[in-house]
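Residue numbers (the numbering used here), protein chains in the order written: chain Y, 9 to 424; chain S, 9 to 424.
In short, the hints are calculated from the structure, not lab data.
There may be inaccurate statements among the hints.
The list cannot tell twin chains apart, which means a pair is met if one copy fits it or any two copies do.
Within a straight-line C-alpha distance of at most 30 Å, the following computed DSS-like cross-link-like pairs (lysine-lysine) qualify [claimed, not checked]:
id: 1; residue 1: Lys155; residue 2: Lys238
id: 2; residue 1: Lys244; residue 2: Lys90
id: 3; residue 1: Lys135; residue 2: Lys147
id: 4; residue 1: Lys132; residue 2: Lys376
id: 5; residue 1: Lys104; residue 2: Lys147
id: 6; residue 1: Lys238; residue 2: Lys376
A quick note: this is a predicted structure, and the numbers were derived from the prediction, not measured.
There are 2 protein chains.
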Amino acid sequence: MRQSQLFARTRWEDPTEETAKNAKLLIRAGLVHKEMAGVYAFLPLGLRVLRKIETVIREEMNAIGGQEVLMTTLQNPEIWHKTGRFDDAVVDNWFKTKLVSGGELGIANTHEEPITAMLVHHLKSYKDLPVYVYQFQTKFRNELRAKSGIMRGREFLMKDLYSFSRTEVEFHTFYEQCAAAYLRIFARVGLGDHTFRTLAAGGSFTTGLTDEFQTLSEAGEDIIYIDRSKHLAVNKEVLTDENLARLGLERANLEEAKSIEVGNIFPLGHRYSDALGLKYRDESGLDQPIYMGSYGIGLSRLLGTIVEVLADDGGIVWPASVAPFAVHLVALGSSEPVRQAADQIYADLSQAGVEALFDDRDLPAGEKLGDADLLGMPLRVIVSEKTLAAGKLEVKNRQTAEIRHLTFAELITEFK
Amino acid sequence: MRQSQLFARTRWEDPTEETAKNAKLLIRAGLVHKEMAGVYAFLPLGLRVLRKIETVIREEMNAIGGQEVLMTTLQNPEIWHKTGRFDDAVVDNWFKTKLVSGGELGIANTHEEPITAMLVHHLKSYKDLPVYVYQFQTKFRNELRAKSGIMRGREFLMKDLYSFSRTEVEFHTFYEQCAAAYLRIFARVGLGDHTFRTLAAGGSFTTGLTDEFQTLSEAGEDIIYIDRSKHLAVNKEVLTDENLARLGLERANLEEAKSIEVGNIFPLGHRYSDALGLKYRDESGLDQPIYMGSYGIGLSRLLGTIVEVLADDGGIVWPASVAPFAVHLVALGSSEPVRQAADQIYADLSQAGVEALFDDRDLPAGEKLGDADLLGMPLRVIVSEKTLAAGKLEVKNRQTAEIRHLTFAELITEFK
Numbered sequence: 009m010r011q012s013q014l015f016a017r018t019r020w021e022d023p024t025e026e027t028a029k030n031a032k033l034l035i036r037a038g039l040v041h042k043e044m045a046g047v048y049a050f051l052p053l054g055l056r057v058l059r060k061i062e063t064v065i066r067e068e069m070n071a072i073g074g075q076e077v078l079m080t081t082l083q084n085p086e087i088w089h090k091t092g093r094f095d096d097a098v099v100d101n102w103f104k105t106k107l108v109s110g111g112e113l114g115i116a117n118t119h120e121e122p123i124t125a126m127l128v129h130h131l132k133s134y135k136d137l138p139v140y141v142y143q144f145q146t147k148f149r150n151e152l153r154a155k156s157g158i159m160r161g162r163e164f165l166m167k168d169l170y171s172f173s174r175t176e177v178e179f180h181t182f183y184e185q186c187a188a189a190y191l192r193i194f195a196r197v198g199l200g201d202h203t204f205r206t207l208a209a210g211g212s213f214t215t216g217l218t219d220e221f222q223t224l225s226e227a228g229e230d231i232i233y234i235d236r237s238k239h240l241a242v243n244k245e246v247l248t249d250e251n252l253a254r255l256g257l258e259r260a261n262l263e264e265a266k267s268i269e270v271g272n273i274f275p276l277g278h279r280y281s282d283a284l285g286l287k288y289r290d291e292s293g294l295d296q297p298i299y300m301g302s303y304g305i306g307l308s309r310l311l312g313t314i315v316e317v318l319a320d321d322g323g324i325v326w327p328a329s330v331a332p333f334a335v336h337l338v339a340l341g342s343s344e345p346v347r348q349a350a351d352q353i354y355a356d357l358s359q360a361g362v363e364a365l366f367d368d369r370d371l372p373a374g375e376k377l378g379d380a381d382l383l384g385m386p387l388r389v390i391v392s393e394k395t396l397a398a399g400k401l402e403v404k405n406r407q408t409a410e411i412r413h414l415t416f417a418e419l420i421t422e423f424k
Numbered sequence: 009m010r011q012s013q014l015f016a017r018t019r020w021e022d023p024t025e026e027t028a029k030n031a032k033l034l035i036r037a038g039l040v041h042k043e044m045a046g047v048y049a050f051l052p053l054g055l056r057v058l059r060k061i062e063t064v065i066r067e068e069m070n071a072i073g074g075q076e077v078l079m080t081t082l083q084n085p086e087i088w089h090k091t092g093r094f095d096d097a098v099v100d101n102w103f104k105t106k107l108v109s110g111g112e113l114g115i116a117n118t119h120e121e122p123i124t125a126m127l128v129h130h131l132k133s134y135k136d137l138p139v140y141v142y143q144f145q146t147k148f149r150n151e152l153r154a155k156s157g158i159m160r161g162r163e164f165l166m167k168d169l170y171s172f173s174r175t176e177v178e179f180h181t182f183y184e185q186c187a188a189a190y191l192r193i194f195a196r197v198g199l200g201d202h203t204f205r206t207l208a209a210g211g212s213f214t215t216g217l218t219d220e221f222q223t224l225s226e227a228g229e230d231i232i233y234i235d236r237s238k239h240l241a242v243n244k245e246v247l248t249d250e251n252l253a254r255l256g257l258e259r260a261n262l263e264e265a266k267s268i269e270v271g272n273i274f275p276l277g278h279r280y281s282d283a284l285g286l287k288y289r290d291e292s293g294l295d296q297p298i299y300m301g302s303y304g305i306g307l308s309r310l311l312g313t314i315v316e317v318l319a320d321d322g323g324i325v326w327p328a329s330v331a332p333f334a335v336h337l338v339a340l341g342s343s344e345p346v347r348q349a350a351d352q353i354y355a356d357l358s359q360a361g362v363e364a365l366f367d368d369r370d371l372p373a374g375e376k377l378g379d380a381d382l383l384g385m386p387l388r389v390i391v392s393e394k395t396l397a398a399g400k401l402e403v404k405n406r407q408t409a410e411i412r413h414l415t416f417a418e419l420i421t422e423f424k
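Looking at chain Y on its own, in the form it has when it is part of the complex (with noise of 0.2 Å):
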C-alpha cells in the first residue's frame, strides 16, 4: 500500500486522557481511534493487525476441531432466565436495551447460554459429541472505568470456543489440547517466550480451579508466580502449598511478577447444559448430561498486549506474523532516479507477494524515519540516493536495529 493514500496519519503528540501505553501508540501511529473511553475503533492498518491474529487463532482451533459460527449481539432473556445470569445482581457488568415493540434485550456480554440452546436444536445422541464450537465476535461490558487502552474494553473482540463432552474424561483430554493451542497461538503471535499458563481460580464461571495464560508486563493486572525453567505459573489468589504440589513447582524456584490475561480455559461441567436441557441420548438409550468448558482469547487485548510487552522506545515492534505489512519500504529524497527505483522496488515486492507499505510520500527524511518506527513494520528498508550508489538496500531489522545492505534479490529470499 502507498502511504500516500493512507487517510490515517500519525501524530507525534501523546493523545490526551490517555495513560496506557498500548493505547497512546496505538493513537499515535493511526492504528486506532478512540471513540470513547473503553472504545475503540480500528483503522486500516490496525484492523490488519486484528485480522492477522485472528486468523492465526482460526487455523489453530480448526486443528483441534473447532467448528466456526457467528452468534448474535442481541440476547433473548428468555435463555438467560433459565440459569440465572440475566440478573444484573448476578452479571454486573450487562449493557441492556429495549425493543421498541416491548421487552428487554442484552447486548452480548458472553456467549454460554445462546451456544447451549442452539445446539439443543443440533446434538441428539452419543454419536454427535464431542462438538467444539468457536466464534470471533464482540463482547461489551459494562466497566464502571476503562483504563487500560484496549486491553480491557467496554467492546472488545474475542474468540471464545466451547466444548462439548460426554464425559469429564473426555472433556479433560480436549482441554488439554486447547491448553497446547493456546501456548501455540501466543508462540505465533510473538509472545510465547513471555507467556505463561497459571493455574487460577474459576471466577463466576466455575467453583473449580481454571488455567490462565498470563504474559509478564508492568502494565498487568493480575500478579502471579512463575518458574521460569519449568515455563509455567500460579496466579497469587490461589498460591497454596497444595497448588505448588499438584504442579511440581517449590516455591524457592518462584518469582513474582506481574501480568495481562492473555486467555483462559474453563471446566463448565454440566451447569449451563443442565440449565437450558441439552443433553445426549447414550448407546443404551438412556439421557445423559452434556460436560462443557469455555475457552476465551480477546483479540484487541492480544493487540495491545503485543505493543505493550514489544514496543521500544521508538515506538511499535510487529512480530512478522501480526506485522500490518512484513516490509516498510521507505523512500528518502524526491529526486527521479530515487522515486523510480522505490517504485520498481515497490511493485517487485509486489509481485514477489511479500506485503510491503510504501512510504512515497513528499517529506523530510527525520519524519519519514521516525514515522517507520513508530509504526513498527519488521523491515525497513530504505532507497536513496546514497543506496542506488552502492547498488544494495539498506535493510533495517525494527527490533534488533541490526542494519544490513542487501541486493534485491538477497531481500527477497528472506521471505521464501
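Put chain S on the given structure of chain Y with help from the hints.
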C-alpha cells in the same frame, strides 16, 4: 469437511413462526439459527457463505480505492447530537443503552457520524482527498416487526462505504465508479440478471434522488418499473415523466415488478461534514467543505436474497462464487470399496484445492440425496457400487439438474 463431523443438522419440517422462504430454507439446511425475531446466528455452512460474499465485496471496494476500517457498536451520543440524529423523533429505530457510570449510549444504527468525526483527526489538506472508507460491521435497527427472515433483521451485517471528496464533481466520478462496482458484485454473487440499478427517492439521508440496486423477487417489499433491454429501473415512488426522460426510458417499455433492495448509494452533500466540522484547506489556504456520499450493501440480506431468488423446490441453489463448498461428495452405501474410494476422492479433491463437503454419514441414500439438494452445493458427486463398476463418477449440476459421468481427472479440469 466431513459431514459426519458437522454439528449442524438438516431438518425436514419447516420451522414454526417463519413465513419467509429464505429463513425456512436456511434454518432447515442448518445454515442459520433463529435467536429471536429478526436476529439470526450463522452456523458453519452459513458463515462460509457470508465470508465469501464479504470477500467478493472487499475485492471490489479495494479495487475502487476503499480503505477498510472497523468502527464500533457503542455510539457516543455527543457526536450524534451535532447532527440531531440521536433524537428518537428523528431516527425512530435506535437501540440505546446506559453506561453503569452514567449516560446513555447508542447501539450502532448507522455510521455516518462516527466515521466523519474520526476523519476530523486525519484529513487536513486538499492533498489528503479524496478518501473512501468502508467497513463490514453489524447494524442494529429497532424494527417494530421483523417478518422477512434474514432479509430485514434487527441485527444484520452491512458493508458501508463513505466517500469524502473535494467537490461535487469529484464525488460524482466516484459515485459512478461505485455504482459500476456494485453491479459487478451482484453479478459475481449470481444475481446479475435479476438486479437493476433503480432510480429512487433519497429517504431520510438526502433530499435529492439516489440509486438503489433492486433484485426482482416476489418476496420483495418494493415496487419498481424495469426496462429489461436497458437493464435499468425506476422505483414506483419516483415514476414521473421527468425522471424517465432523465434515464432515457419510455413508459411503454416498462414492466412492473416486486423487488428486494440489495444495495443503495446516496449523495450526502455537506450535511454531516458541516455538522461535525470536517473540512479541508485548499491550495490557497482557505477552508472548504467536504462533499460526502454513502454506499451500503447488507450482506445478510444479500445472502437471503440469493436463497429467495435462486432456490427451487428441492432446496437452496448456491452460485459457485458463494457456495459453502464447491462440491458435495456423497458416498452411497456402506460397502468397504465405496468407503475407500470416497475417502480417496475426498483426499484427492483437497489435494487439488477443491473445497468439498463429504457426506460420509451412515444414512439411507434418499436422505443423503435430499440433503444434497437442500444444501445446494453447485456440484453433487456420487460414489456408489454403480459408479465404481462404471469407472466414472456421477456428477450432477444442482442448478440445471444435468447429470454427467466423469473420471476424476475430468472433474478436476472443471476447477482449473
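Results of checking the hints against the structure:
no. : hint            : verdict
1   : Lys155 / Lys238 : neither (33 Å within a copy, 58 Å between copies)
2   : Lys244 / Lys90  : neither (34 Å within a copy, 48 Å between copies)
3   : Lys135 / Lys147 : neither (32 Å within a copy, 38 Å between copies)
4   : Lys132 / Lys376 : between (61 Å within a copy, 18 Å between copies)
5   : Lys104 / Lys147 : both (13 Å within a copy, 16 Å between copies)
6   : Lys238 / Lys376 : neither (43 Å within a copy, 51 Å between copies)
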